[in-house]
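Asks: Listed below are the residues making up each chain.
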Amino acid sequence: MISVYHYMILSAILFAIGSFGVLTRKNMIVIFMCIELMLNSVNLTFIALSRHLGNMDGQIFVFFVMTVAAAEAAVGLALIIAFYRNKESIEVDDFRLLKW
Amino acid sequence: MENLAQIAMESVNFQAIMPSLVLCCFGMVLLLVSVFLERGRTAPICWLSIIGLVVTGIISINGWNDPQAGFAGGVVLDNFATFFNLTCLIAAGLTILMSDSYLHREGYPVAEYYPLILFTTAGAMWMASGTDLMTIFLGLEVLSVSLYVLAGFFRGQLRSNEAGLKYFFLGAFSTGFMLYGVALLYGVTGTTKVAGIAEAIRLMPDASSNPMIIAGAILLSIGFLFKIGAAPFHMWTPDVYQGAPTPITAFMSAGPKAAAFAAFMRVTYISLDSLQVDMSAMFWVLAVLTMTIGNFVAIAQKDVKRMLAFSSISHAGYALVGMVAWNEVGFSGILFYMLVYTFMNIGAFAVLVLIGKQGEDNLTLDGMAGLGYKRPFLGVAMAIFLFSLMGLPPTAGFTGKFFIFAGALKAGYVWLAILGVLNSAVSLYYYLRVMVYMYFRDPVEDFSWVKMEMATIVSILIAIAGVLYLGVLPGPVMELAKLSIF
Amino acid sequence: MYSNLWLIPFFPLVGSIINGLFGKKIKNEKVIGGIATIAIFLSFLVSCQNFFRLLGDTEKVHQQILGSWMSIGILNVEWGFLLDPLSALMIMVVTGVGSLIHLYSIGYMHGETGFYRFFSYLNLFCFSMLMLVLGNNALVMFIGWEGVGLCSYLLIGYYFEKKSAGDAAKKAFVVNRIGDFGFLCGLFTLFWALGSKGVWTLNFVEISENAHLLQSGGLLVTVVTLCFFLGATGKSAQIPLYTWLPDAMEGPTPVSALIHAATMVTAGIYMIARMNILFAMSPTTMMVIAFVGAATALFAASIGFAQNDIKRVLAYSTVSQLGFMFMAMGVGAFTAGIFHLMTHAFFKACLFLGSGSVIHGMHHAYHHAHLHDDPQDMRNMGGLRKFMPITWITYLLSCLAIAGMPFFAGFFSKDEILWWTFASTRGSYLVWIIGTIAACMTAFYMFRSLYMTFHGEQRTDVRAKDHIPESPWVITLPLIILAGLATIAGFIGIPHAIDVAHVGNGIASFLDPVFGQAQQLHNIGIPEDLAHNVGLEIGLMCMSVVIGLIGIGGAYYMYMKKQELPAKFTGAFPGLHKAVFNKWYIDELYDFLFVNPCKKIGTFLWKGFDVCVVDGVVNGIGWVVKGLASGLRYTQSGFLHNYAMIMVVGVVVIVGYYIFG
Amino acid sequence: MEAMLFYLVALVSVISAFFVTKCRNPINSALCLVTTFLCLAVFYVMLQAPFMAAIQIMVYAGAIMVLIIFVIMLLNIGSVGKSRYTHGVAGAIVLSFLSFIVAAKFIAGGTVSKAVGDISAEVVQSYGHTELIGKAMFTEFLLPFEIASILLLVAIVGAVILSKRKV
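Residue numbers (our numbering), protein chains in the order written: chain W, 1 to 100; chain R, 1 to 486; chain S, 1 to 661; chain P, 1 to 167.
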């Protein structure tokens, strides 16, 4: 029988993979996708818990997480585009004006 | 369906969200108005947004001592929320006052700037008044998303792009951790209500042996710790503060930080009260780490804006001392300190706004040389803010710090207080260096480009008044801060 | 009754604000100087009124509360003033000497750029000092404590065009902050220590009343008092924090007289006296204070031997005299310490102002002759007696006072201190011996400076020789008054042994309400058998007079009779002379031990933290070798990844600690 | 049956998630991410949350991913760059693994609440998932819903400001 713990472990795996991507990839869009992956793994936890607990709060939370993800996608991609226009690059290692 | 509408209306209490509601309405109206204004004309929007803030402020003050709850326990407008609302409103007001001439100077007279600040403030208000993690989370996101935009506002400037992107990526990353924490707490307690979580944990027989609770609590805290810039989640602060437009830096260091503290305090003090021992120990370490890193690294800085960013990290550390104390004195100390910090830090940034050349290339220490003689008013104003940041009496920085440290002493954390004092002794070194450059160095520049913009001067004067008033006669405001604890 | 206390700090504050805001517009030096002087003189009048009223009052402790300052639940801090014999005496000294020095400055600072700035700072200093002295709780005192440090910083750096002045100012401020750190540590520890006994207070009167809650002689009270003592060493220039005071001589001379001789540097003594009940509870701290004071007195006096700059001689003399006062505090002779503080304020202010008068004259002469010699170097002086008779007389009287010649002010106060070090229950023969030697040295180097400056053959450049004028009345009048006080002020504290007319020891009975309780409770005082041993006391007194005479005689012999002797001495012991001349290399040692490592730590944390910790920990132990090899490649940050990684490390460490710990 | 389905889909989701971080070409990464999202949608159905599954596909796999792919195409950068990874990959692997260990520890060692709410599988069946969501959203969670609208407004305004070419 699949319990809520199975889902939680799966979501932990996805979370770790997502954070690995954020920590290593150079391409900003891929980093952003990895962040989306992390958010999704949390969503999975929420829905599994919501099912287990038998209340809707978790699912509503997921709904808002999706909204937030959409909003962040819009703003984040706009920032990436603005940067690309100035620097012709979308690699994170290319911005290092601000350091030390 | 009628039934449903009825149920929906039952829990609606507009009184409980009145300030943020008014602010959002103003924001949306301003967006509309800006469409009809010719391009580059921002002054009317600027003044309308000031009016909006004042109106909101009046409404907030009217709600003092009249706690309103609503939306099925999702939000409560108590004194605590009102105190923070007013702090954020002051921060936004001072920021907007110094912004208009700055935006024109830097070549970005974009009217949407002001509504975005209003929305940020509204987000801050939802954080301060949210009693459901969902409200707090969404408030945090409104605040963050607007700030990502504002930090990257000068889209043609690489520095601003970089600030926006760094803030965005790290902010979204920390959101992931925070959400994970919320999910865990939800799983353990079955609710996302602040009070409900507290109740569930209290009733749990084996709470201390359940690692999911402490993991959830810590992960949740990380979202807030990131926003207040506490080590080791402070790495974004210097870069973003340096790259963002100066008024936005000023705003970020005060308003959103205060809001993050508000939500953080509500969640820890109410929801996680049973975990006091563990959380307090964690805060102890983080507070010391934050103060120390902020202060020590600031010593090595040559750019004043960046130096103030590190100083803002160390001030977050001082405020965390109040969280460690975990008593009314410490918590009301944080309320008071955030207000104090708003005045002194925004004031210091307002001076930087005035002395910067176009493109902000004159914010190094050398650029400050001789300021005290060439521009005596700015010199004196900066000196007052720096004294306050150092924590010298009789400025507000001293009373604020004393308030917080007294809380720590009451809880018996003598060492923490002493480390705090030691840190503020260290901090003197870099604040003093700015003074040395201002007063003891011959001017390199003649500061002929400095235009004494009326609005910015007003915001500096307000900040000076605040710093001195809260330093000399802080009694009444301290009283309010004490009344604001839940 | 004492409701006008607030006026005392208020007048200088107003004066400071007026000059600070409008001084640039007023321009007229007489008006600016007049405002400042009148402001402080008015506070002197108010002080006098309160002082004499208190003298005739039976109730000796009065508080005036202006209003609440901070109220933080457990504690109410007030804007309040405390008038008791101790603070009454201090305000008299501060406003009295302050008024004279303000008057003097009008003449001395004539024609300087930023004249208004100077007077604004000077008034602000008086305000802070009066807050320090009058505050009824430790926080108001702390305002003054920080304020005087700040003003001293501003005034030392007054000639900021000179790099040395800026450096000296910074040094003074930093050292003072170390002292402030000690003060705050003591304050917080005391606050918590009393609070944990149920009394949350910072009010001095309440602290005194509740001090018995702490265990006498316990560790806690020792720590508290040692912290406060650290604060005092910073402010009052004791070993190890004395180096800033000689450098502070970069400031204008009136500043040296007021701040670095008469008032601010005595704040540490005052603070110990104010909390005497706590200090009395810890014999350990008292012993430390006595020995640090004695060591400083001796050490600074030895450096004073070799200085050729007239102001530096006086600076080291001040450090040495402050050492005497600490000695007094350490052996429980609180009254004698405060007494010496007062007499020292008179004669040392007079000496500094006299040296200022000389410098003023020399400067004038050099200016006239278009020379750029150092007007402060005593080797360029000599024989000035003829040109500046008033300055000479006053300087001579003050030298006699500091040397402890009979019936001058210094005689009474210094002898009282030495008597206590010898006879007190907390005294020690070693301290007494050191003190006596230091007294001898004091007489020597002070008279050395007198002879080198005013006597003998004139060594000034011939072109400037005949243009040295006596100073105008605004300069000489304060000199005369201070010299007069230095001569007669001692008679308010005639020791019992030679009190033939039975006037009684005025100052001791006046200050008794402040110190009596602590001395009684903790058995501090002169034991019965010694107290009545008049012969012994008179014998010691004669001995110290003889010792003073030996010092004077030595100076006379070396610098008047046989002028080649000092050169011979230098030739005989070149190493020793060089070490003394270079102030025993203390500054260099400090740079090596503290300043450079601090800079390194700053740089290390800045570059090292980002680089070493981020990449080092993250890349794992296996990569350390490679990481070191290509370290330079990683000496960069600003990388988003590093920031994210630090965050994840933080999360994993914190959560892991709680999950696995 | 259910267990088999779970492990199968879980395997697919983990592998495709891994390839998100692995693929050289961002387009491929994006497609892998869509696969992961679809797997999650399957889980949502298994967890009796069909409405969430639907919007997972529509909002995530649909809107957001289309936006991302659109931007990738707009910037037209394909698989440029010498290497996909920045420095410190080994550290990141260790760190991610450690964070998973920590997470596994508190998941396995912890217990979730046993409180059973009133939304059982039968209730979902009889009322319909959408209605339940709608009810909750417009009664209890009305305020967050309104805040979300402001959030979207901010995001739109922000995106417009940031990507305009001229002031």
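Quick caveat, the hints were computed from the structure, so don't treat them as lab data.
Check each hint, because a few of them may be wrong.
[Stated by the list, open to error] The calculated SDA-like cross-link candidates involving lysine to any residue, where the alpha carbons are at most 20 Å apart (straight line), are:
1) Lys60/S / Gly516/S
2) Lys357/R / Ala455/R
3) Lys164/P / Glu88/W
4) Lys197/S / Ala411/R
5) Lys302/R / Lys24/S
6) Lys27/S / Ala455/R
7) Lys22/P / Glu88/W
8) Lys163/S / Asp366/R
9) Lys164/P / Lys302/R
10) Lys60/S / Trp6/S
11) Lys135/P / Leu37/R
12) Lys374/R / Leu432/R
13) Lys374/R / Thr113/S
14) Lys163/S / Leu37/R
15) Lys164/P / Leu432/R
16) Lys24/S / Phe377/R
17) Lys164/P / Glu106/R
Asks: For each hint given before, does the structure comply? Return the numbers of the non-compliant ones in rising order.
Replies: Numbers 5, 6, 7, 9, 11, 14 and 15 - these are the hints that the structure violates, sorted from lowest upward.
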